[in-house]
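Chemist: For reference, the chains in residue letters:
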Amino acid sequence: MKSLGVVAPQSMHFSTPLALQSGASLADYTLVYETYGTLNADHSNAVLICHALNASHHVAGVYVDDKDGKKHIGWWDNMVGPGKPLDTDKFFVIGVNNLGSCFGSTGPMHQNPATGKPYGADFPVVTVEDWVHAQARLADELGIQQFAAAMGGSLGGMQALAWSMMYPERIRHCVVIASTPMLSAQNIAFNDVARQAIMSDPDFHGGHFYEHGVVPKNGLRVARMIGHITYLSDDDMAEKFGRDLRAGKYQFDFGIDFEIESYLRYQGDKFAEYFDANTYLLITKALDYFDPAKEFAGDLTKALSNTTAQFLLASFTTDWRFSPERSREIVQALVNNKRKVTYAEIAARHGHDAFLLDDARYLNVVRSYYGQVWQEIEARGVA
Amino acid sequence: MNFSELSALRPDLAFIAHWVRNDTHVLDLGCGNGVMLDYLQSDKRCIGYGIEIDDSAIPLCVDRGVSVIQQDLEAGLAIFADNAFDTVLCLSALQMMKNVEGILRDITRVGREAIVSFPNFAYWPHRVALLRGRMPVSKSLPYDWYDTPNLRCATIKDFEELANEVGLEVLERVALVDGKPVTFLPNWRGSLAVFRLKKK
Numbered sequence: 057m058k059s060l061g062v063v064a065p066q067s068m069h070f071s072t073p074l075a076l077q078s079g080a081s082l083a084d085y086t087l088v089y090e091t092y093g094t095l096n097a098d099h100s101n102a103v104l105i106c107h108a109l110n111a112s113h114h115v116a117g118v119y120v121d122d123k124d125g126k127k128h129i130g131w132w133d134n135m136v137g138p139g140k141p142l143d144t145d146k147f148f149v150i151g152v153n154n155l156g157s158c159f160g161s162t163g164p165m166h167q168n169p170a171t172g173k174p175y176g177a178d179f180p181v182v183t184v185e186d187w188v189h190a191q192a193r194l195a196d197e198l199g200i201q202q203f204a205a206a207m208g209g210s211l212g213g214m215q216a217l218a219w220s221m222m223y224p225e226r227i228r229h230c231v232v233i234a235s236t237p238m239l240s241a242q243n244i245a246f247n248d249v250a251r252q253a254i255m256s257d258p259d260f261h262g263g264h265f266y267e268h269g270v271v272p273k274n275g276l277r278v279a280r281m282i283g284h285i286t287y288l289s290d291d292d293m294a295e296k297f298g299r300d301l302r303a304g305k306y307q308f309d310f311g312i313d314f315e316i317e318s319y320l321r322y323q324g325d326k327f328a329e330y331f332d333a334n335t336y337l338l339i340t341k342a343l344d345y346f347d348p349a350k351e352f353a354g355d356l357t358k359a360l361s362n363t364t365a366q367f368l369l370a371s372f373t374t375d376w377r378f379s380p381e382r383s384r385e386i387v388q389a390l391v392n393n394k395r396k397v398t399y400a401e402i403a404a405r406h407g408h409d410a411f412l413l414d415d416a417r418y419l420n421v422v423r424s425y426y427g428q429v430w431q432e433i434e435a436r437g438v439a
Numbered sequence: 066m067n068f069s070e071l072s073a074l075r076p077d078l079a080f081i082a083h084w085v086r087n088d089t090h091v092l093d094l095g096c097g098n099g100v101m102l103d104y105l106q107s108d109k110r111c112i113g114y115g116i117e118i119d120d121s122a123i124p125l126c127v128d129r130g131v132s133v134i135q136q137d138l139e140a141g142l143a144i145f146a147d148n149a150f151d152t153v154l155c156l157s158a159l160q161m162m163k164n165v166e167g168i169l170r171d172i173t174r175v176g177r178e179a180i181v182s183f184p185n186f187a188y189w190p191h192r193v194a195l196l197r198g199r200m201p202v203s204k205s206l207p208y209d210w211y212d213t214p215n216l217r218c219a220t221i222k223d224f225e226e227l228a229n230e231v232g233l234e235v236l237e238r239v240a241l242v243d244g245k246p247v248t249f250l251p252n253w254r255g256s257l258a259v260f261r262l263k264k265k
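From first to last, the protein sequence lines are chains A and B.
Okay, so the first sequence: first residue is 57 according to the numbering used here, each after it adds one.
Okay, so the second sequence: first residue is 66 according to the numbering used here, each after it adds one.
There's no promise every hint is true.
Claimed, not checked - Quick list of the computed label-pair ranges, beta carbon to beta carbon: (1) Val62/A to Ser72/B: 30 to 40 Å; (2) Tyr306/A to Tyr211/B: 48 to 58 Å; (3) Leu74/B to Val181/A: 52 to 62 Å.
Said to hold, decoys possible - Calculated lysine to aspartate or glutamate pairs in the EDC-like style (CA-CA distance at most 20 Å, straight line): (4) Lys263/B to Asp151/B; (5) Lys264/B to Glu225/B; (6) Lys163/B to Glu139/B; (7) Lys396/A to Asp147/B; (8) Lys163/B to Asp223/B; (9) Lys396/A to Glu70/B; (10) Lys396/A to Glu385/A; (11) Lys58/A to Asp414/A; (12) Lys394/A to Glu225/B; (13) Lys396/A to Asp128/B; (14) Lys396/A to Asp151/B; (15) Lys58/A to Asp415/A; (16) Lys394/A to Glu139/B; (17) Lys394/A to Glu225/A; (18) Lys358/A to Asp147/B; (19) Lys350/A to Glu185/A; (20) Lys394/A to Asp223/B; (21) Lys263/B to Glu226/B; (22) Lys394/A to Glu226/B; (23) Lys396/A to Asp108/B.
Keep in mind the hints are simulated off the structure, nothing from the lab.
Don't be surprised by glycine CBs; every beta carbon is placed ideally from N, CA and C.
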């Protein structure tokens, strides 16, 4: 299948302070983003892609690493590109890196103007809503008054959902994949174990490890291992690893016996190489705090009552992190408000990760949905 | 989609569509490729949702601009509030349900009116097949006994009893053959039973 080929990020600096939900504010900041496709004459074909926990603005296409010549493919390259379900021959697609990230937008690794040193632990806690406000400012600068759609999976889906409530007039469609209206106690518990792993690493230094020239790698490794368990289904793990042994027999020590141990440690090591510990803390907090129904006494129907967008939701049956029940809660609240909503519940075996994988049933629904969005744009006459 | 397109595609649905009022809120249970809602939306300005379990049908509904919610009807209609719909359609789907009584009670709860259709087991070719000692296979029951999705066999008379029991009043009862109503001996000559019902 065709791909976008080599792409490059752009960045935009903002010098108007951004007031955050916590009461703190960011005096100035930079957002890194990528765009694919072409914005049409009446700016009606823009789609915003919101990223999940460990992803970035690099949604589709490839980077070629100058150092090792390796290709880094965008995290949703199977979804976004020429002829893909979200077709960049038709749509102008924007991937934006969120504040607090470690992939370019202003985050804990950047210099704190107040101290002249990296923010580290002093980077303010940011929320899904803060991210959406920042994304809206980027849209302003790019001349996009209204998105054809805002879309995301998992934590990205929360941002898309937040868009529909915070800026109802600025999105026509909202695509929420494998997401939830709020984290459960169990979800929060997993996040906190991950945070504790990082914060109890002696190399964490209260979040100011940059100045000590170290990285809390062990904490990050464990955090990633915990996270990764929640992304896979029991079935998937059983099929991929089962009780397979690395060396074919028990070692009677505490090294690696089982393939699953080897896999998780490898994932953890890889992650600890590139991800920032403070970013991990920030993003898991943003997840924990997301709860749009909270200010409506837990009534999600009321929370979604001011939305005007049309919705597409999808979930995966073996996803136990954000299970289909959670998506159905959103569907129910939308139905209560008589919103247009389509919901696909895909019997996929890959757990939460399924939202990133190829599954014709899932991709076809998204393809058809954007086909409709495109027909609407064409019907406006200026496409 | 206009009426003549619907008539050509599905004469049975074209007949039933007359019973759905303009500008109403409709739920279509087992909506398949969404053709009925497509028609009701474009020609009668209705709004609403389809429910469908089949993966391959979901994108077809989306292509038609029909809002479809993928779920198993056996799981019930819990996501819908009481009296949420003016009309609930359950067309040629009931015979595939395990919990027929449960879904009828739910239909009664979420809708003010309902339209239910199912293959009439008392259709004369079916009776003839049984007299000959064989399970009927016909245009309306096209499956072999060992390979049919239809779990329930009911006649026009049978259904009326259950409808009453779950709190539905029969407003109209029509037997169709090839989408056309049969007035003389309907329980013999109709292959599709269609009921228009109202919450009692």
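Chemist: Work down the list of hints and note, for each, if the structure agrees.
Modeler: Structure-based check of all given hints:
Distance hint for Val62/A and Ser72/B: a CB-CB separation of about 54 Å, inconsistent with the stated range 30 to 40 Å. Checking the proposed 48 to 58 Å range against Tyr306/A and Tyr211/B shows it holds: the Cβ atoms sit about 49 Å from each other. Between Leu74/B and Val181/A the beta carbons are some 56 Å apart, a value that agrees with the proposed interval 52 to 62 Å. For the given pair, Lys263/B sits about 10 Å from Asp151/B by alpha-carbon distance, which is consistent with the 20 Å threshold.
At most 20 Å may separate the alpha-carbon atoms for a hinted pair to count; Lys264/B and Glu225/B meet this at roughly 14 Å. Of the pairs offered as hints, the one joining Lys163/B and Glu139/B holds, with about 7 Å between alpha carbons and a cut-off of 20 Å not exceeded. The suggested pairing of Lys396/A with Asp147/B holds, with an alpha-carbon distance near 19 Å, which does not exceed 20 Å. Between Lys163/B and Asp223/B, the direct Cα distance comes to roughly 16 Å. Compliance with the 20 Å bound is thereby established for this hinted pair.
Distance restraint check for Lys396/A and Glu70/B: the Cα-Cα separation of roughly 24 Å exceeds the 20 Å cut-off, and the hinted pair is therefore not satisfied. Between the alpha carbons of Lys396/A and Glu385/A the distance comes to roughly 15 Å, so the proposed pair stays at or under 20 Å and holds. At most 20 Å may separate the alpha-carbon atoms for a hinted pair to count; Lys58/A and Asp414/A meet this at roughly 15 Å. For the hint linking Lys394/A to Glu225/B, the alpha-carbon distance of about 32 Å lies beyond 20 Å, and the restraint is violated.
About 14 Å separates the Cα atoms of Lys396/A and Asp128/B, which keeps this hinted pair within 20 Å; it holds. Restraint check: the Cα-Cα separation between Lys396/A and Asp151/B comes to about 17 Å, which is no more than 20 Å; the hinted pair holds. Taken as a hint, the Lys58/A and Asp415/A pair is honoured in the structure, with Cα atoms around 17 Å apart against an allowance of 20 Å. For the given pair, Lys394/A sits about 23 Å from Glu139/B by alpha-carbon distance, which is inconsistent with the 20 Å threshold.
Between Lys394/A and Glu225/A the CA atoms are separated by roughly 17 Å; this keeps the pair inside 20 Å, and the hint holds. Taking the CA atoms of Lys358/A and Asp147/B, the gap is about 17 Å. The hint holds against a cut of 20 Å. About 13 Å separates the Cα atoms of Lys350/A and Glu185/A, which keeps this hinted pair within 20 Å; it holds. Note on Lys394/A and Asp223/B: the hinted pairing is violated, with a Cα-Cα distance of about 35 Å set against a maximum of 20 Å.
Pair hint Lys263/B plus Glu226/B holds up; C-alpha atoms about 14 Å apart against a cutoff of 20 Å. Between Lys394/A and Glu226/B the CA atoms are separated by roughly 33 Å; this puts the pair beyond 20 Å, and the hint is violated. At roughly 18 Å between alpha-carbon atoms, Lys396/A and Asp108/B fall within 20 Å of each other, so this suggested pair holds.
Hint compliance for this structure: hints 1, 9, 12, 16, 20, 22 are not met, and every other hint is.
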